[in-house]
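K.L.:
Following the hints, complete the assembly by docking chains B and L onto the known chain E.
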Amino acid sequence: MKKILLTTLAALSFGSAAMAQEVKVGIAAEPYPPFASPDAAGNWIGWEIEMIGAVCAAAELDCVITPVAWDGIIPSLTSGQVDAIMASMSITEERLKTIDFSDKYYNTPTVIAVAKGSGIAPTPEGLAGKILGVQVSTIHQDYAQTHFGDAEIKLYQTQDEANQDLVAGRIDATQADSIALDAFLASAEGTACCESAGAVADDPAILGLGVGVGLRKGEDDLKAKFNAGIAKILEDGTYETISAPYFDSSIYGG
Amino acid sequence: MLEALLDAFPTLALLAWEPPGWGANLARGLVNSVQIALGAFALGLVIGTAGAYGKLYGGPVTRDLLAVYTTVVRAVPELVLILILYFAVTDLVNQALVSFGYARVQISGVAAGIAVLGVVQGAYSTEVLRGAILAVPSGQIEAARAMGMPPVTLARRITFPLMLANAVPGLANLWLIATKDTALLAIVGFAELTLQTRQAAASTKAFLTFFLAAGLLYLLVTLISTFLFARAEKWARRGQRGGQA
Amino acid sequence: MSRGFWQPHRIVLIGLAVLLALWCGWALRWDWLPRYLPLMAEGIWRTIWLLAVTVTLGFLLAIPLGLAQAAGPWYLAAPARSFCTVVRGTPLLLQLWLLYYGLGSLFPQYPWIRESELWPYLRQAWPYAVLALTISFAGYEGEVMRGAFKGVPSGQLEAARAMGMPRFTILRRIWLPQAIQRALPTLGGETVLQLKATPLVATITVIDIYSVASRVRQDTFIVYEPLLLLALVYMAITGIIVLVFRALEARVPSRVA
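Chains as they are written, first to last, in my numbering: chain E, 445 to 698; chain B, 10 to 254; chain L, 15 to 271.
No lab work stands behind these hints, which were simulated from the structure alone. Beta carbons: idealized from backbone N, C-alpha and C, even for Gly. Don't take every hint at face value.
Cut-off 20 Å, straight-line C-alpha distance, at most; resulting in silico cross-link-like pairs (EDC-like, lysine to aspartate or glutamate) [claimed, not checked]:
no., chain 1, residue 1, chain 2, residue 2
1, E, 541, L, 239
2, E, 598, L, 56
3, E, 667, E, 466
4, B, 214, E, 665
5, E, 548, E, 665
Which residues of chain E face chain B? A few of them, derived with a C-beta cut under 8 Å, are [said to hold, decoys possible]:
no., residue
6, 501
7, 504
8, 513
9, 604
10, 629
11, 633
12, 634
13, 635
Beta-carbon label-pair distances, calculated as ranges [said to hold, decoys possible]:
no., chain 1, residue 1, chain 2, residue 2, range
14, E, 489, B, 13, 46 to 56 Å
15, B, 112, E, 689, 49 to 59 Å
16, L, 42, E, 547, 31 to 41 Å
Excised from the complex, chain E in its bound form (with noise of 0.2 Å):
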């Protein structure tokens, strides 16, 4: 964790020192709890950034974390502002004919959280109507447009405003993954105001694929890299250890 912070302050402070296999790894400048958030001391924990360690590690590079705006984390990929992007980013179709991805490193389920007592359903019928906010360039936006069409559908730049909007009664119902909105849930204004609807039914052209690490395309080497440490963490059993904390069962998904 300090080696990531001294890195990271380091690259904060004088950019252009390009060294061997140093690879700067994108995540998004919001906090996404339970997998990257920043603490008061300056820092970023949580799962995905434990796992970044973990993987680069096992990879062998050497990594830098580098916050970026989800809105912008494409585009700061192919303008080579970063190297790799780990930022609970779902492999889709449509992001594979920009950029390329490892293999997935985790995968769980969507799922829709509602005022209290709303008794909205996680169904086409259920939000018709409705206000449903999700984070813009996510499966979720995919997945409303596609399925919640009767819904209104609300876009933020990342889930946090999109929570915070539901608590301030400015939406109806949010949709996201159930992980990051099981964390949201239990904390303290989660539990005074909302409540989860269920899962939303499976479709798996949009939700199937699982989360990877994001590549530029041709980089072949580099990706062979991740694939490698990903399969080693895996194997070796530093997957559950990082896990076993923040999870009750495992989030790699079949």
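P.N.:
Frame of chain E; chains B and L shown alone:
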């Protein structure tokens, strides 16, 4: 006194320096903001000086190109320019490097922020400095020439000091714009004061406390700078008749 | 002017610019354009609407702010002055987030607000955008109006007073018109600055033209084309603002006497 305040507003404790307080994070953000503002302001001055000279003494092509530059920058929102420069320029630099067989360079957030805001500042500086140079009374320059002063000495001893006094109020304004424009870098995910504040607020849900605290920090920067620039103007105007009317 | 404009080097430069534009049209990707055209029209409309509403409201608010600072008693002048200093001394983005997330997060704690008739408006984003942009414009323009009120020659006011004109009539018929006339040349510039501030509302989910361009980028991962088009749209709107204010200034006589 402090305890009574903390009892009334428990979220104030979140501003403490040591974790679990987020004070140090805000301070880091402030340092980043000021650093970028200083860099952008300086870069803007360099571009502005060159631009002002180009506009006043350059050839017709230089003048027209500079006019396009200042017009475009002043008509397009800074946010849009930041996105264009942030993504496009780093991309172009890297594509050029790769096609010439060099490795990609990593452009740090600070460097990109300074470059982007500096280009925006440069357009405004050009106009401020051009106006300031034009406002130097031509009689002063002619008198110096009549005394047989060589051009470099003339620029150093007559034009520059007189121009500086005219330019200070405009430059002060630009500096204040620079400090506030750093907030726009929050949107590209750069950890300056506004984004640090937003992250702290989102993590603790104490939105009002953090936004008000950050507002106070920005206001302090503004007030201190205003004071310093007023002093600077007084200094630059020393020895001029009429003082500051 | 018109003869001086078409100099040989300009024709070459314009030719180069046209070539560049043609190259952009040919080499870059524009296939997304037809699909997003309706959304863009809506976004442009929202941007212009926001601009017009906030400039008008902000200017109306700036008049008392300027008057209080220029001629008001200290208990009016001091708050007006601090208001302008605070608004001008902090980033608009921060003010916007303070209102939307800060103030907005307080409201739902009070059930009577949620049940009131205002709630359907308070739960939307645009009232916060209008409020923040209006406050910001009033802060900057209030400072301009202060100078404008102060700049009206005192002889004019004394003459009116000597004629026995009531105080409010002096303000309405002499002071205010002359002050507005003095502020008019800067008003155009301030309006352009306000236009440049409008894209910030995209960060609180208001769908203006900027957020439509972001939407294109996020949906299609096409980065430069929407941004270039966006820059062009803003330049066009700026051009219209400049022309409108030029026409407005030409209608107002520049000298009273």
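K.L.:
None of the hints should be skipped; say for each whether it holds.
P.N.:
Each hint, compared with the structure:
1. E:541 - L:239: Measuring from Cα to Cα gives roughly 17 Å; hence the hint holds.
2. E:598 - L:56: 16 Å, holds
3. E:667 - E:466: 14 Å, holds
4. B:214 - E:665: Outside the cut-off at roughly 42 Å; violated.
5. E:548 - E:665: Holds. Residue 548 of chain E to residue 665 of chain E sits at ~17 Å (cutoff 20 Å).
6. 501: Because about 21 Å separates residue 501 of chain E from the closest Cβ in chain B, which is outside the 8 Å limit, the hint is violated.
7. 504: 19 Å, violated
8. 513: It holds, given that the least Cβ distance between residue 513 of chain E and chain B is near 3 Å, below 8 Å.
9. 604: Check passed: Cβ of residue 604 of chain E comes within 5 Å of chain B, closer than 8 Å.
10. 629: Check failed: Cβ of residue 629 of chain E comes no nearer than 14 Å to chain B, outside 8 Å.
11. 633: 6 Å, holds
12. 634: Residue 634 of chain E check fails; min Cβ-Cβ to chain B is 10 Å, beyond 8 Å.
13. 635: Check failed: Cβ of residue 635 of chain E comes no nearer than 13 Å to chain B, outside 8 Å.
14. E:489 - B:13: 46 to 56 Å: 34 Å, violated
15. B:112 - E:689: 49 to 59 Å: With a Cβ separation near 39 Å, residue 112 of chain B and residue 689 of chain E fall outside 49 to 59 Å, so the hint is violated.
16. L:42 - E:547: 31 to 41 Å: At 34 Å between Cβs, range holds.
Figure legend: structure checked against the earlier numbered hints; hints not met, in rising order: 4, 6, 7, 10, 12, 13, 14 and 15.
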